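Protein chains: 2
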Amino acid sequence: MVIDHDFFMRLALQEAWRYQGLTYPNPAVGCCVIGKNNELLACNAHKKAGAPHAEVEALKEAYFALTRDAAVLPLNDAHAIHAYLLAHHNGVFFDVSIYTTLEPCSHVGKTPSCASLIGALGIKKIYVGSNDTNEIAANGNLFLTQSGAEVVQGVLQKECDALLAPFVAWNQKKRFVFFKWAQRLDGSVEGGVISSKTSRENVHAMRAQCDLLIIGGNTVRSDRPTLDARLVGGKAPDVLIFSRRIDFDRTIPLFEVKGRKVFIENTLAKISEYNNVMIEGGAKMFEATKEIVDYYLCYLAPNMGGTQSFSEQKENFEILNLQKDAQDIIMWMKRK
Amino acid sequence: MVIDHDFFMRLALQEAWRYQGLTYPNPAVGCCVIGKNNELLACNAHKKAGAPHAEVEALKEAYFALTRDAAVLPLNDAHAIHAYLLAHHNGVFFDVSIYTTLEPCSHVGKTPSCASLIGALGIKKIYVGSNDTNEIAANGNLFLTQSGAEVVQGVLQKECDALLAPFVAWNQKKRFVFFKWAQRLDGSVEGGVISSKTSRENVHAMRAQCDLLIIGGNTVRSDRPTLDARLVGGKAPDVLIFSRRIDFDRTIPLFEVKGRKVFIENTLAKISEYNNVMIEGGAKMFEATKEIVDYYLCYLAPNMGGTQSFSEQKENFEILNLQKDAQDIIMWMKRK
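So the sequence lines, in the order shown, correspond to chains A and B. Following our numbering, the residues of the first sequence are numbered contiguously, the last one being 336. Following our numbering, the residues of the second sequence are numbered contiguously, the last one being 336.
If you are wondering where the hints come from, they were derived from the structure by calculation, not from laboratory data. Don't take every hint at face value.
Any copy will do: because identical chains look the same in the list, a pair fits if it lies in one copy or spans two.
[To be verified] Straight-line distance between alpha carbons at most 20 Å, and here's what the computed SDA-like set of lysine to any residue pairs gives: (1) 336 with 305; (2) 324 with 295; (3) 174 with 90; (4) 324 with 14; (5) 36 with 66; (6) 324 with 10; (7) 47 with 1; (8) 336 with 326; (9) 36 with 68; (10) 180 with 209; (11) 270 with 112; (12) 324 with 3; (13) 284 with 2; (14) 36 with 3; (15) 334 with 317; (16) 125 with 39; (17) 48 with 107; (18) 270 with 288; (19) 290 with 269; (20) 324 with 87; (21) 125 with 70; (22) 324 with 334; (23) 284 with 307; (24) 125 with 77; (25) 334 with 323.
These figures come from a predicted structure and were not determined experimentally.
Could you put the whole structure together from the sequences, leaning on the hints where they help?
Encoded structure:
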């Protein structure tokens, strides 16, 4: 195993992908902080819009590793962490390096600017994966360079760009569409619950962040789903039932979720009114939505013995990220 | 991400699993070396019987990281590395810690004892996963403790024991049997080449280390395989064709590989004469061999569109290790 810049950036990437789909409209970002002897002090990620950025989470963790000052630990608000670190850092970050999958932000939005914090803490070396193309937040690299830091750009840039794609779409006022399905190792998608509880909670957390959820009419009829985010106490998205027939039993739970719109349409035109779109479906939906889907998210349970294969069409994917929870494999992919 | 003892042991485990099936009859072992400031100096693994043990590979790598003495780099023989480190270490290891998935060996076999090397280099802290139950090689922990080092046992022991299982079987004079298959994401196993070149080379390297390869008669008839280790220039294993019919076209390449025995039998009794047995097969072989298989190895290509599902029987697996090469997912599993 080679312990180089890529090694640390890969750790940051792996941590960031855990929150892909959960940070919208913010980017999923990961950050490692490395001490003067190349020791890994912290590796953390941005977890949700409004929560501290990855750099702030990692700097908080690194500050505690360097000082054992436990007073920083209960702070969860970005402003509070910024203020605490600026008041108490006492030069501990002077020889520290940072690996961040995205150029540190340079603007004050819901949270203070990461670039200014990094500069004020005296950090002199920053390794960056993707450049920020957001007009407001960009120029963090420039700010840091002008502050006298060395910024090394393009570390695992291709991988970091793949992580950033949903945010880039949002920046360009395009929608981002991802298709989620759960299957067993044998490709089967029917025959009882497939995913672990952790995986299902993860899906509910993503539903809470997307604004439109698309599902096929047959699934609605057969599964009678609720399609909300109850496992995480989140907001339920609007639902588009993609179906030729419009006669649905209105006692199916998804119709009764408060504050949600439900559309029943035989085209996908409705997505033009939404930004972060999640599709949950099987083989038919997969075929019907190929042209509009950006990323695929597959939860694979290491089991066999269900019925009905997900798809029998020829398809090649590239795996963008691979994780494992207590039971399932979680794959983010795109079509080749 | 918590950067603790488990973090470093997990790195050692991940590196070691890359060589599972390739080190027989030696164990697959991984080792991390950590500097006095908790910096990762090296992470390496035992790669093949007769090659240096994981600790020696990692100490060589760490020595270079600490000294930049490039004279150590060309050394690939365990004796040569031992001798060089002992002559040149100059105390650089005094504050170093080691994480090793298996208790360091205490005996001089094909290679010198790791425990004596670790002791002589002045390393004072050793974190160990599994204890060595081999009567000859065991007692490394005791040796190190008596040398004044602190040995912390049982770090991720369950995970380290899973890595060690083939070696434990060998120690107990039991055979180890693993079942390998390649499939696509949709569970399909027919319809052209499935795995990447890297995956296929990996399989050939495993064939070179196993002494018996079992395959089904139908596969032999339809695929006309060679079943050798030509992609890595290795020795071809003996073959057991598991079949009721014994009439095979003897021009099928597997019959023409020199120095190999081929058996055609309708029972699996032949395995009693072998130690490290690999089964390559589909659904029928999977069902027929369930009672004798220890581990399953699945190469999963992120593609769809082949024919014939691997199995339609109900089955639950536990994933022991998950890796990814340039294209495929590689899973070591056991039946639950």
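Against the structure, the hints come out as follows:
Proximity of residue 336 to residue 305 under the C-alpha cut-off of 20 Å is restricted to the inter-copy arrangement: shortest distance 14 Å between copies versus 29 Å within a copy. With identical chains, the CA atoms of residue 324 and residue 295 are at most 20 Å apart both within one copy (18 Å) and between copies (19 Å). Proximity of residue 174 and residue 90 under a CA criterion of 20 Å is satisfied in neither setting, with 44 Å inside one chain copy and 61 Å between copies. In the homo-oligomer, the alpha carbons of residue 324 and residue 14 lie at most 20 Å apart both inside one protomer (11 Å) and across protomers (13 Å), since each shortest distance falls under that limit.
For the identical chains of this complex, residue 36 and residue 66 are neighbours both inside a copy (11 Å) and across copies (14 Å), given an alpha-carbon limit of 20 Å. For the identical chains of this complex, residue 324 and residue 10 are neighbours both inside a copy (16 Å) and across copies (13 Å), given an alpha-carbon limit of 20 Å. In this assembly of identical chains, residue 47 and residue 1 lie within 20 Å of each other by CA distance solely across copies; the values are 13 Å between and 29 Å within a copy. Taking the shortest Cα distances, residue 336 and residue 326 sit within 20 Å of each other only across copies (14 Å), while inside one copy they are farther apart (29 Å).
Proximity of residue 36 to residue 68 under the C-alpha cut-off of 20 Å is found in both arrangements, the shortest distances being 17 Å within a copy and 18 Å between copies. For the identical chains of this complex, residue 180 and residue 209 are intra-copy neighbours only, at 14 Å inside a copy versus 40 Å across copies, given an alpha-carbon limit of 20 Å. Taking the closest pair of Cα atoms, residue 270 and residue 112 never come within 20 Å of each other, the shortest separation being 36 Å inside a single copy and 70 Å across copies. Proximity of residue 324 and residue 3 under a CA criterion of 20 Å is satisfied inter-copy only: 18 Å between copies versus 23 Å inside one chain copy.
Proximity of residue 284 and residue 2 under a CA criterion of 20 Å is satisfied in neither setting, with 44 Å inside one chain copy and 42 Å between copies. Within a single copy, residue 36 and residue 3 get their C-alpha atoms as close as 15 Å, and across copies as close as 16 Å, so both meet the 20 Å cut-off. For the homomeric pair residue 334 and residue 317, the shortest alpha-carbon distance inside one copy (5 Å) is at most 20 Å, but the shortest distance between copies (26 Å) is not. Taking the closest pair of Cα atoms, residue 125 and residue 39 come within 20 Å of each other both inside a single copy (14 Å) and across two copies (17 Å).
In this assembly of identical chains, the alpha carbons of residue 48 and residue 107 lie at most 20 Å apart only when taken from the same copy (18 Å versus 53 Å across copies). In this homomeric assembly, residue 270 and residue 288 come within 20 Å of each other (Cα to Cα) only inside a single copy, at 14 Å, whereas the closest approach across copies is 52 Å. Only within a single protomer do residue 290 and residue 269 lie at most 20 Å apart by alpha-carbon distance; the minimum there is 14 Å, versus 50 Å between protomers. For the homomeric pair residue 324 and residue 87, neither the shortest alpha-carbon distance inside one copy (39 Å) nor that between copies (44 Å) is at most 20 Å.
With identical chains, the CA atoms of residue 125 and residue 70 are never at most 20 Å apart, being 26 Å at best within one copy and 27 Å at best between copies. Both within a single protomer and between protomers do residue 324 and residue 334 lie at most 20 Å apart by alpha-carbon distance, with minima of 18 Å and 16 Å respectively. In this homomeric assembly, residue 284 and residue 307 come within 20 Å of each other (Cα to Cα) both inside a single copy, at 15 Å, and across copies, at 18 Å. In the homo-oligomer, the alpha carbons of residue 125 and residue 77 never lie at most 20 Å apart, since the shortest distance is 25 Å inside one protomer and 39 Å across protomers.
Taking the shortest alpha-carbon separations for residue 334 and residue 323, both the intra-copy value of 16 Å and the inter-copy value of 19 Å come in at or below 20 Å.
In summary, the numbered hints that this structure violates are 3, 11, 13, 20, 21, 24.
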